[in-house]
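K.L.:
Whenever a hint applies, use it, and build me the whole structure from the sequences.
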Amino acid sequence: SDSDAAPPTKRGRPKGSPNFNDADTNKALDLAEKYKPASKKAWKKVAVNFNKWAVELDKPKRDTKSLEAKYKTPCAERCDNLSMSKPTGSGYCPPEIKRAHRIERLIAADGAASDVHSDGDVSSDESVEILGAKKAAKIHTAVACRAPTPLPRRNSRLNAPELTNQLAKVFDPEVQQSRDTVRAEHSFQQVQLITLNGQLCDSQATIKSLRTQITALQAQVHTAERGRDLAESELQLTDVPKSNPKHQSCQEWMAEHHPDIQRIGGKVRTERVYADGGRCTMWHSDPSDDEEENQAP
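Residues in the sequence shown are numbered consecutively from 295, following our numbering.
Just to be clear, a hint being listed does not mean it is correct.
[Stated by the list, open to error] Straight line, CA to CA, 30 Å or less: simulated DSS-like cross-link-like pairs of lysine-lysine:
hint : residue 1 : residue 2
1    : K392      : K334
2    : K502      : K463
3    : K321      : K355
[Unchecked claim] So the derived label-pair ranges between C-beta atoms look like this:
hint : residue 1 : residue 2 : range
4    : L487      : D523      : 49 to 55 Å
5    : V476      : K502      : 37 to 43 Å
6    : E565      : Q486      : 58 to 64 Å
7    : A402      : N315      : 51 to 57 Å
Read the hints as simulated data drawn from the structure, not as lab findings. Beta carbons: idealized from backbone N, C-alpha and C, even for Gly.
P.N.:
Structural data, given as structure tokens:
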């Protein structure tokens with residue numbers, strides 16, 4: 295059962311063991327740079343020399359796994375993202391991580407050099423065995439062939455008498471003549487429709503032109519009527535005699551000859567009624583008053 299199973303073993307640093315400080319990290323990197331540990335045997339040398347140094351300085355000892363783990367994580371972390379340029383500024387990479395990268399490159403260079411030396415031992419042509427080329431196997435291509443089969447028969451929906459009757463109806467002269475008549479009527483109707491559409495467009499253009507002319511004529515009539523009214527008003531004013539002590543007064547003359555004209559406050563009121571129902575009221579100054587105002591006291 296699950297309760298009888300042994301508890302899982304704890305991993306990581308032993309309880310109560312102190313963490314690496316800067317001096318421990320720098321010493322581990324010095325030994326790694328010196329021995330370039332690429333195998334377990336080299337890491338054992340690093341551990342032995344580190345423990346000797348730790349005993350001399352009264353520091354805790356470290357085993358091989360602890361030193362290797364400290365070197366690879368986090369000292370061997372990649373700082374590519376930190377070295378990339380950013381909008382807010384360049385990232386910061388700790389010096390121990392940069393040093394760990396440099397040691398890793400040295401270890402890789404030593405490993406490549408050792409591989410070259412090991413490959414250089416085989417230099418004679420006698421140790422190289424030349425194998426004969428194998429004959430290429432023949433490839434057979436299979437082609438699928440199907441025997442021709444007759445097409446399936448299709449049964450006609452109409453039997454022979456019905457088909458004959460249908461053909462007779464299609465080629466019947468009367469049927470053809472009626473079809474031609476219907477087509478001719480349809481064409482005639484289409485022509486008439488096109489003609490009526492053209493006439494409608496012309497009528498609309500004519501109506502628009504007439505409306506424009508009527509508007510212009512109405513404006514001219516209004517202008518002429520206004521000019522006529524002004525001329526009549528001026529004529530009425532010129533017919534009024536000037537004030538003269540030998541003759542009757544202007545007011546008496548106006549009351550005698552024009553009883554419909556009203557005079558209020560030195561102004562003469564005239565009113566004209568149009569045949570279409572409109573009405574116009576005008577006020578004119580009395581010439582006699584102007585002369586009295588212009589005379590010297």
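K.L.:
Hints first: check each against the structure and report whether it holds.
P.N.:
Cross-check of the supplied hints:
{"no.": "1", "hint": "K392 with K334", "in the structure": "holds, 23 Å"}
{"no.": "2", "hint": "K502 with K463", "in the structure": "violated, 55 Å"}
{"no.": "3", "hint": "K321 with K355", "in the structure": "holds, 13 Å"}
{"no.": "4", "hint": "L487 with D523: 49 to 55 Å", "in the structure": "holds, 54 Å"}
{"no.": "5", "hint": "V476 with K502: 37 to 43 Å", "in the structure": "holds, 39 Å"}
{"no.": "6", "hint": "E565 with Q486: 58 to 64 Å", "in the structure": "holds, 60 Å"}
{"no.": "7", "hint": "A402 with N315: 51 to 57 Å", "in the structure": "violated, 28 Å"}
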